[in-house]
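Visitor: Note that the protein sequences, when read in sequence, are chains C and X. In terms of our numbering, the numbers along the first sequence are unbroken and rise by one, the last being 222. In terms of our numbering, the numbers along the second sequence are unbroken and rise by one, the last being 1200.
These aren't lab readings, by the way, just hints derived from the structure by calculation. Values in this document were obtained by computation on a predicted structure and should not be read as measured data. C-beta atoms are modelled at their ideal positions from N, C-alpha and C, and glycine is treated no differently. Accuracy of the hints is not assured; some may be wrong.
Claimed, not checked - Which residues of chain C face chain X? A partial, calculated answer using Cβ under 8 Å:
#1 R10
#2 R13
#3 G21
#4 D81
#5 M85
#6 S86
#7 R87
#8 P89
#9 L90
To be verified - A few chain X residues facing chain C, derived, Cβ under 8 Å:
#10 L1052
#11 P1071
#12 G1078
#13 L1083
#14 F1126
#15 L1157
#16 V1159
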Amino acid sequence: MTALSALIRRDIRIALRVGGGALIGVLFFLTVVVLMPFAVGPDLALLSRLGPAILWLGALLASLLTLDRLFMADHEDGSLDLITMSRTPLELACAAKALAHWLAAGLPLIVATPVLGLLLNLDMVATGSVALTLLAGTPALTFTGMIGAALAVTLHRGGLLMAVLVLPLSIPVLIFGVAASQAAIVGPMTFGAPFSILCALSLVSLVIGPFAAAASLKHGLD
Amino acid sequence: MQLSGRGVICVRGGREVFSGLDFEAGSGEAVAVVGRNGSGKTSLLRLIAGLLIPAGGTIALDGGDTELTLPEQCHYLGHRDALKPALSVAENLTFWADFLGGERFEAGESLATVGLDHAADLPAAFLSAGQRRRLSLARLLTVRRPVWLLDEPTNALDVAGQDMFSGLMREHLARGGLIIAATHAPLGIDSRELRIGGMA
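Sequences and hints are given; from them, build the entire structure.
Guide: Written out as C-alpha cells, the structure reads:
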C-alpha cells in the first residue's frame, strides 16, 4: 500500500506543479465551453438544450488531452523500467497511475462544471445532473484511455494514435452520460436507467483497464 | 548467492545480438561486461533485469530471497535516470524509497554520501548530468538490493565522484552483494571481465 500511495502522491504532485497536466485540462475545458455560446448564438433555449452535450464533449476531450502522457513520460525518463521491475504488480501500479490522473485531471473538470453551467444557461438541477454523470462517467474515460496510453508506449506512437484508439471506446460513455443528463432535465426517460449503465461502464473499465494496460506494457518491453 | 546465465540468446529487432552466452557471478563479486558498441552490453543487463525476454537460455539467481523474483532483487541503473524534473531531489529519492520498498536507509544520509545534501530541496530540473547520476546512486544506497545492474555507471561523474562510487561499490561487495556493470571505462574495483560480441 505504501508503494501505491507513494505513486499516486507523486503523480498528483507532478500534475499540479508548473508544467503539469492538471491545469491544462481545465483550461481546455473552459475554452471549449466558453467558445460554444459564441458559435451557437444567443438563443438561450438552444444553449440549455445543448448544454449537457457540450459539457460532456468538453470534458471528454479535456480528459483525453493529457492522458497520452500517462505512461510516455515514465517511459522516456526510465521510471517505467523501475516500476516494471518493482515488487508492486504492474496491474496495480497502472491502476494507481490512472487513479492519480483522474484525481488530478478529471476531478477539477467536475468542480468546474457548475461554473460553466452558468454560461450555458443550465439551471441548478441540470448542472447538478451533468456534474453527477461526469463524476460517474469520467473514471471510465480515464481507465479505458489508459489502454491507449499503454499502447502508445508499446508502439512508440503518441498523440494521434491514442485519440484514434480511445475515442471509439469512449462512445458508450458519452451516449449514456448525455442521455442520463437529458433524462434529468427534460425527460421522458428516468434518470436511473442510463445512469446505472454509466456506472456499470466505469466499473467494468476499472477492472479491465489496468490488466489490459499492464499486458500491453509487458508485451512491449524493450 | 549465485547469479548465473546459461546459453542466453538475445534477439533485438529480428537480429541476433549474441547467443550461447554463459556467465556467473557470486556474492561479493563484480563482473565488468565489455565489448564494442552494439555488442549487447545493455541488452544483457536488461535481460537480467527482466526488461527483455531472452530468446533462449536461462538466467537464475540461487540463494537469494525465494519469495522474490530476480528483477525484484535487482537495482537497475540505466542510461536514463528515472528522475522527475518537477520534483525536488529529496522528493525524487523518497518516492523511489517508498515505492520500491524493502529494507531502507535514511534518505538524507544517502544524499550526504553522494554529495547532494546541500541540494535536497532543489527541483531535479536544475541538476547537472553528474548530479543526476549522483542522485541515481543515492537510490541504490537508500533501498538495499543484493544485485546491482549498472549501465555505464561512471558516465558524467567527475574524478571525485568516480572515487566515491568505487568506494560505494566496494562496500556493496563487502556486504555480500554482486555487481554486473557494462562499461568502457575501468570501474576502479577488482572485477572479472565478461567479453561479449567478439574482440573490441
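Visitor: Now tell me, hint by hint, if it's right for this structure.
Guide: Going through the hints against the structure:
no.	hint	result
1	R10	5 Å, holds
2	R13	7 Å, holds
3	G21	11 Å, violated
4	D81	6 Å, holds
5	M85	4 Å, holds
6	S86	6 Å, holds
7	R87	5 Å, holds
8	P89	11 Å, violated
9	L90	11 Å, violated
10	L1052	6 Å, holds
11	P1071	4 Å, holds
12	G1078	5 Å, holds
13	L1083	6 Å, holds
14	F1126	13 Å, violated
15	L1157	17 Å, violated
16	V1159	26 Å, violated
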